[in-house]
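Undergrad: Using the sequences plus the hints, can you model the full thing?
There are 2 protein chains.
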Amino acid sequence: MGMSITVDAVARQAALAFPKYSALPGRERARFLRAVAGKIEALGDELVEIVMAESHLPAARVMGERGRTCGQLRMFADLIEEGSWVEARIETALPERKPLAKPDLRAMQAPLGPVAVFCAANFPLAFSVAGGDTASALAAGCPVIVKAHSGHLKTAELTAKAVLAAVAETGMPEGTFALVTGSGQEAGQALVKHPSITAVGFTGSRAGGTALMASAAARPVPIPVYAEMSSLNPLFLLPQALKNRWEAIAAGLHGAVTGGVGQFCTKPGLVFVLEGPDTDHFEAALASAIGGTSACPMLNENIASNYADRRGALAEHPEVTTLADGPEFQAGLFRTTGSAFIKDRHLQEEVFGPSTLLVLCETEAELIKCAGGLEGQLTASVHADGADVEIFRALQGQLEKICGRLIFNGFSTGVEVCHAIVHGGPFPATSDGRSTSVGTLSIHRWCRALCFQNLPEEFLPDALKSSNPLGIWRLVDGKRTASA
Amino acid sequence: MGMSITVDAVARQAALAFPKYSALPGRERARFLRAVAGKIEALGDELVEIVMAESHLPAARVMGERGRTCGQLRMFADLIEEGSWVEARIETALPERKPLAKPDLRAMQAPLGPVAVFCAANFPLAFSVAGGDTASALAAGCPVIVKAHSGHLKTAELTAKAVLAAVAETGMPEGTFALVTGSGQEAGQALVKHPSITAVGFTGSRAGGTALMASAAARPVPIPVYAEMSSLNPLFLLPQALKNRWEAIAAGLHGAVTGGVGQFCTKPGLVFVLEGPDTDHFEAALASAIGGTSACPMLNENIASNYADRRGALAEHPEVTTLADGPEFQAGLFRTTGSAFIKDRHLQEEVFGPSTLLVLCETEAELIKCAGGLEGQLTASVHADGADVEIFRALQGQLEKICGRLIFNGFSTGVEVCHAIVHGGPFPATSDGRSTSVGTLSIHRWCRALCFQNLPEEFLPDALKSSNPLGIWRLVDGKRTASA
Chain A
1 MGMSITVDAV ARQAALAFPK YSALPGRERA RFLRAVAGKI EALGDELVEI VMAESHLPAA
61 RVMGERGRTC GQLRMFADLI EEGSWVEARI ETALPERKPL AKPDLRAMQA PLGPVAVFCA
121 ANFPLAFSVA GGDTASALAA GCPVIVKAHS GHLKTAELTA KAVLAAVAET GMPEGTFALV
181 TGSGQEAGQA LVKHPSITAV GFTGSRAGGT ALMASAAARP VPIPVYAEMS SLNPLFLLPQ
241 ALKNRWEAIA AGLHGAVTGG VGQFCTKPGL VFVLEGPDTD HFEAALASAI GGTSACPMLN
301 ENIASNYADR RGALAEHPEV TTLADGPEFQ AGLFRTTGSA FIKDRHLQEE VFGPSTLLVL
361 CETEAELIKC AGGLEGQLTA SVHADGADVE IFRALQGQLE KICGRLIFNG FSTGVEVCHA
421 IVHGGPFPAT SDGRSTSVGT LSIHRWCRAL CFQNLPEEFL PDALKSSNPL GIWRLVDGKR
481 TASA
Chain B
1 MGMSITVDAV ARQAALAFPK YSALPGRERA RFLRAVAGKI EALGDELVEI VMAESHLPAA
61 RVMGERGRTC GQLRMFADLI EEGSWVEARI ETALPERKPL AKPDLRAMQA PLGPVAVFCA
121 ANFPLAFSVA GGDTASALAA GCPVIVKAHS GHLKTAELTA KAVLAAVAET GMPEGTFALV
181 TGSGQEAGQA LVKHPSITAV GFTGSRAGGT ALMASAAARP VPIPVYAEMS SLNPLFLLPQ
241 ALKNRWEAIA AGLHGAVTGG VGQFCTKPGL VFVLEGPDTD HFEAALASAI GGTSACPMLN
301 ENIASNYADR RGALAEHPEV TTLADGPEFQ AGLFRTTGSA FIKDRHLQEE VFGPSTLLVL
361 CETEAELIKC AGGLEGQLTA SVHADGADVE IFRALQGQLE KICGRLIFNG FSTGVEVCHA
421 IVHGGPFPAT SDGRSTSVGT LSIHRWCRAL CFQNLPEEFL PDALKSSNPL GIWRLVDGKR
481 TASA
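Just so you know, the sequences run in chain order A and B. Heads up: the first sequence begins at 1 in this note's numbering, then just goes up one per residue. Heads up: the second sequence begins at 1 in this note's numbering, then just goes up one per residue.
Worth flagging that the hints you see were computed from the coordinates, not collected in a lab. Small disclaimer: the values here were computed from a predicted structure and weren't measured. Among the hints, erroneous ones may be present.
Identical copies look the same in the list; a pair holds intra-copy or inter-copy alike.
Below 30 Å or equal to it, Euclidean Cα-Cα: the simulated DSS-like pairs (lysine-lysine) are [what the hints assert, rightly or not]: (1) 102 / 39; (2) 465 / 479; (3) 39 / 98; (4) 20 / 465; (5) 369 / 243; (6) 369 / 193; (7) 20 / 369; (8) 343 / 193; (9) 39 / 20; (10) 20 / 343; (11) 161 / 20; (12) 343 / 102.
TA: See below:
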């Protein structure tokens, strides 16, 4: 009960902040985002130590993630300071047109309203309080209410303090940002159901994400939910590539499976191999590397026990052979056949942690059929050299339909934060395959197109004024231009 | 049962067509869209007569709508022939970057897959078989299955024949287009639930739209639904404008309310007026015009009887006064007060037909409060002159939050088909306020972002090749350019 009152109060405050905050020029919001980055950096070792203590991540990883978090905030600051991201479109009037005059029409991307962001267990900084969704929503002009993750509450509170200090320092409206805590799903559900909330960002389990989707759809006014939920990130190893590079591929794959204790949404959890002369030594090299991987603490107890359960279920599957067990049964390598994979959709359930499943296919046709039966994924990767071209082309056709990012001769872990990245993909990888959670394109999840007809220059947003005071790129009468 | 078999067969065929159709160059799909327009025009008077007989629309309106339909098809042909609509983004690799190499990343808009389009009762051509959603989806690279509307089945069949003739003539894959008929909701529901369908376009009632939203959300793989459902298109008449132009405003509003027998989704159904010295003569002029409007046949029996019911309920509302009844109780003008409007949300229910409700407000504050209580709308319009500036600014803030298109000193009927139009708006005007159903921007409803990492030039789509063979506008390392 106390929790709902808090949620109600902050959501109302966010709704009051929205018209003021969204009306600020891009350069003012940019100044705010840069201040957030600066305040986070100014937390120094205190933040690093708290993240390490709460999430059991090593210092280098935490510092890297902090760098990415601040880099994202500054990337969005640059984007909105420049301003062309609003995709302004202008059609000038033709008052003399027959039979009907053409009105003056101007459209641009406009922010939706207050946004609820749920912290991710596995990225206590980069996908949490001041992470990607918060940065993109604040950049778009949406106030943000963050729901903390129980796994790293102190991290959340410390980061929120930095954001609120930046709000105060740069004079942003009260209610531009708030953090809500509270155990379990109560506060989260209250937030998603609150009438002032206009969109939701979430990174977590499929069960959690689909519950939020259902709540959002059942509201009197349904709202969009961007939930990143689960992905197996299938990897396809074609014969010529395996022949040429089996040792390097085994080493790279080992790193991708066990890096960060396998707790990345882009960890390759399915590896399809066409059986051939190089399968055995590749498999042996990978098994040896995975079997020799030291056990490390996982993010939290819940994740560790889920991993043990899922890993155990995979090991006991009648069509699955265990190829390697790391110390304390942590890292794991398993094997099944293409025909078993095609028959049993349970083999497509995510095992969140440092394990992967090799799927040995007897024929190219079986490999392609496996690809055709895959659910939606964040990524799909293929290693292909020279003579693999023909199989690659067939695979590309299948994989483009089900993934957000197709990787050639590489591994899916590592998500570059930039203009051209897509970190998203068809359901169940995400709730809404039209969107990305990483990179500048993610700003559009919090926007809708808004159009003005015959509005005098004085009432138009700067982005749509005829004089183009922001000097942004626009589509004017069908032509792209950065001039007035 | 027979119906579901048909739906299953055409949906499977569409899924088979998808990889072939979507892989065609834009100029080939453009040739197809232009052929569709040509085939529709070649149907000549036969089509016009069938539409007139089925939908009771006058010849001039039918010919106008045919012009718009063919114009839309050609607009999308131009868009995809030019090609920049895919929003290509390229980030070139930095293999030497420390601590991590930057990969080559390229992203573009890619089609979702087969799309289901539901014909609209009120636009037998422009929002039906070869209407806006069909044109934009085919342009994006999505096969289309159209569900006919029972009100104009022969129109649907004749138009479908034209589309299928264009499919054959231009060599499009079998399954690129199909029409399904059948009574009631059975075929429609089967279509929305079919696993091959990846998105839905719908124009119709709120009950119909929300039923489709629920079905789509309950699928094993949920899909987006773009339903345009209901809108009252509130119009605000400010004092100075009414003083200067009350006669012209009354005449224009009469035309907007009764044009097309009030069967446009953009008909102004709510007119807010600040009580003042000019209210009475404006009201009298409008009542006289509406009272003198001849009755005309509506689109179908169902729409006519719903209109009679809704109009009757409004007339009997205890806080509503009837100001004018046209012959046979068709066109109607009603009046209520701002305070009654604020209290009763039922006064926000759409009355689809030639009637409108005046809401007389006693104070500016009441007028602004009425605006703040409005549900999502396709459009909102304000007439404001000189001294009305201050009230207008306050209204603009409220109305931008709830509408897709804000109109100044004009009326909402008439939707220009162009780059800068938005025909959409927050729920319940549409199911998804992020989208438009009219204009070139509507192509994005059928797309998602797809990213390629380190893919060799030979495997990249032309839009993403380094050589830029299509000569399209792209974002390359953060810079907009149409060069290689």
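Undergrad: All hints are to be evaluated individually against the structure, with a verdict given for each.
TA: We went through each hint and held it up to the structure:
In this assembly of identical chains, the alpha carbons of residue 102 and residue 39 lie at most 30 Å apart only when taken from different copies (27 Å versus 50 Å within one copy). For the identical chains of this complex, residue 465 and residue 479 are neighbours both inside a copy (16 Å) and across copies (23 Å), given an alpha-carbon limit of 30 Å. In this homomeric assembly, residue 39 and residue 98 come within 30 Å of each other (Cα to Cα) only across copies, at 25 Å, whereas the closest approach inside a single copy is 59 Å. Proximity of residue 20 to residue 465 under the C-alpha cut-off of 30 Å is restricted to the intra-copy arrangement: shortest distance 20 Å within a copy versus 43 Å between copies.
In this assembly of identical chains, the alpha carbons of residue 369 and residue 243 lie at most 30 Å apart only when taken from the same copy (23 Å versus 72 Å across copies). With identical chains, the CA atoms of residue 369 and residue 193 are at most 30 Å apart between copies only, with a shortest distance of 24 Å across copies and 41 Å within one. Taking CA atoms no more than 30 Å apart as the test, residue 20 paired with residue 369 passes between copies only; the shortest distance there is 18 Å, against 54 Å inside one copy. With identical chains, the CA atoms of residue 343 and residue 193 are at most 30 Å apart between copies only, with a shortest distance of 23 Å across copies and 39 Å within one.
With identical chains, the CA atoms of residue 39 and residue 20 are at most 30 Å apart within one copy only, with a shortest distance of 23 Å there and 52 Å across copies. Taking CA atoms no more than 30 Å apart as the test, residue 20 paired with residue 343 passes between copies only; the shortest distance there is 27 Å, against 56 Å inside one copy. Within a single copy, residue 161 and residue 20 get their C-alpha atoms as close as 22 Å, which meets the 30 Å cut-off; across copies the closest is 53 Å, which misses it. In this assembly of identical chains, residue 343 and residue 102 lie within 30 Å of each other by CA distance neither inside one copy nor across copies; the values are 59 Å within and 39 Å between.
The structure fails to meet hint 12 from the earlier list, while all remaining hints are met.
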